[in-house]
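Engineer: Residue numbers (our numbering), protein chains in the order written: chain A, 1 to 168; chain B, 169 to 313.
Keep in mind the hints are simulated off the structure, nothing from the lab. Treat the hints with care, as some may be off.
[Unchecked claim] Covered by chain A, according to a simulated footprint, are these stretches of chain B (three or more residues, beta-carbon under 8 Å):
| hint | stretch |
| --- | --- |
| 1 | 173 to 184 |
| 2 | 220 to 228 |
| 3 | 232 to 242 |
| 4 | 279 to 289 |
[Stated by the list, open to error] Which chain B residues stay away from chain A? Per the calculated CB distances, all over 12 Å, these:
| hint | residue |
| --- | --- |
| 5 | 191 |
| 6 | 201 |
| 7 | 245 |
| 8 | 256 |
| 9 | 257 |
All values derive from a computational prediction rather than experimental measurement. Where is the CB? At the ideal position from N, CA and C, for every residue including glycine.
Each chain, letter by letter, is given below.
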Amino acid sequence: MSLSVLMLVRVRNLFAVIVLFGIYSFLMATVLVALDAVDVAMTEAAVGAGVSTVLLLGALHLCKGEEAKSIHRPWLPLAVAVSTGVVLIYGTMGLPDFGDPQAPIHQHVVTRYLQNEVEVPNVVTAVLASFRGYDTLGETTVVFTAGAGIIALLRRRKKAADAGKDDR
Amino acid sequence: MKNDLVLRVVGKLLIPFILLFALYVQFHGDYGPGGGFQAGVILAAGMVFYALIFGVDNARRVMSDWLAETMLAAGVLIYAGVGLAGLLLGGNFLDYFVLDHDPVHGQHRGIFWVELGVAITVSGVMMKIFYMFASRGDANGEPEQ
């Protein structure tokens with residue numbers, strides 16, 4: 001996995017970058033399966049490796065295949081990224097151990113979720129659609145907004161291009 | 169890729185199973201991993217696969233732009249409609265317990281419709297985005313409706 005990330009940084013051909021993104025997503029999905037988060041792994045495999053790869057390839061079809069050389073030296077962004085990463089890793093040291101039953105997250109509402117008063121065998125679905133129905137409504141609205149935004153952006157440009165043709 | 173025999177045959181074999189798997193993921197989401205988001209994406213992936221092999225124009229005949237745009241909005245409306253149904257039946261917004269005489273059945277019914285709404289919106293959005301990008305490469309652009 002880290003190999004594919006290093007390759008991602010080095011490679012300048014955008015086609016290879018997209019393929020590496022797909023590989024990375026599949027590896028991420030296997031990691032999530034290993035963490036017993038099968039629902040998330042499925043989403044990662046379907047969205048990250050499947051559809052987004054196709055959409056990126058579609059976008060690549062419209063632009064040049066090589067990454068442009070950056071004008072600036074990327075030292076400041078690199079420093080920001082590295083320091084943020086260091087802070088995040090430092091933060092993980094304060095977290096309870098993985099799967100620790102005494103962890104605060106397992107003491108709060110999770111016990112009620114697991115009593116499962118909605119009697120849906122997959123607790124993830126119960127939490128997603130029932131206990132946190134508002135969240136999921138918001139997420140669906142976000143997806144809808146993304147689609148509407150894409151329609152608004154791309155369609156207007158097409159009409160503008162047509163108008164340009166008419167002017168000439 | 170339209171004339172690649174291997175792709176056409178494999179595509180014809182696989183696409184029905186991809187769509188069937190999407191339905192399985194959708195309606196088996198209560199019992200196993202899966203749900204609306206995953207099912208919608210898998211459905212859209214099957215359609216994109218079809219569009220890549222047989223051409224975008226053929227895919228538009230199966231799922232037109234109009235249908236994709238309608239799905240985009242219909243899913244959110246179904247989801248919000250479940251919430252409003254809860255309100256009308258005397259509960260809170262998105263309260264599924266009141267949707268049936270038996271509260272647990274009401275929950276199952278609510279989750280079913282909510283997940284269906286999510287799947288419809290997600291697959292509609294994915295298809296629409298794909299069509300938008302795919303049709304920008306052509307000189308013609310999006311066909312007039």
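Engineer: Against each hint, give a clear statement of whether it holds in the structure.
Structural biologist: Hint check results:
1. Figure legend: the stretch 173 to 184 of chain B, annotated as covered by chain A; annotation inconsistent (0 residues with Cβ-Cβ distances under 8 Å, at least 3 required).
2. Check on the stretch 220 to 228 of chain B: 1 of its residues sit with their Cβ under 8 Å from a Cβ of chain A, so the three-residue criterion for coverage is violated.
3. Residues of the stretch 232 to 242 of chain B lying with their CB closer than 8 Å to a CB of chain A number 3, which satisfies the three-residue condition for coverage.
4. Counting residues of the stretch 279 to 289 of chain B whose CB falls under 8 Å from any CB of chain A gives 6; the rule of at least 3 is met.
5. Residue placement check: residue 191 of chain B keeps its beta carbon more than 12 Å from all beta carbons of chain A (closest about 14 Å).
6. Not every CB of chain A lies more than 12 Å from the CB of residue 201 of chain B, the least distance being 4 Å, so the non-interface label is violated.
7. With 12 Å as the threshold on Cβ separation, the claim that residue 245 of chain B sits away from chain A is violated: the shortest Cβ distance comes to roughly 10 Å.
8. With a minimum CB-CB distance of about 16 Å to chain A, residue 256 of chain B clears the 12 Å threshold, and the non-interface call stands.
9. No beta-carbon of chain A comes within 12 Å of the beta-carbon of residue 257 of chain B; the shortest separation is about 15 Å.
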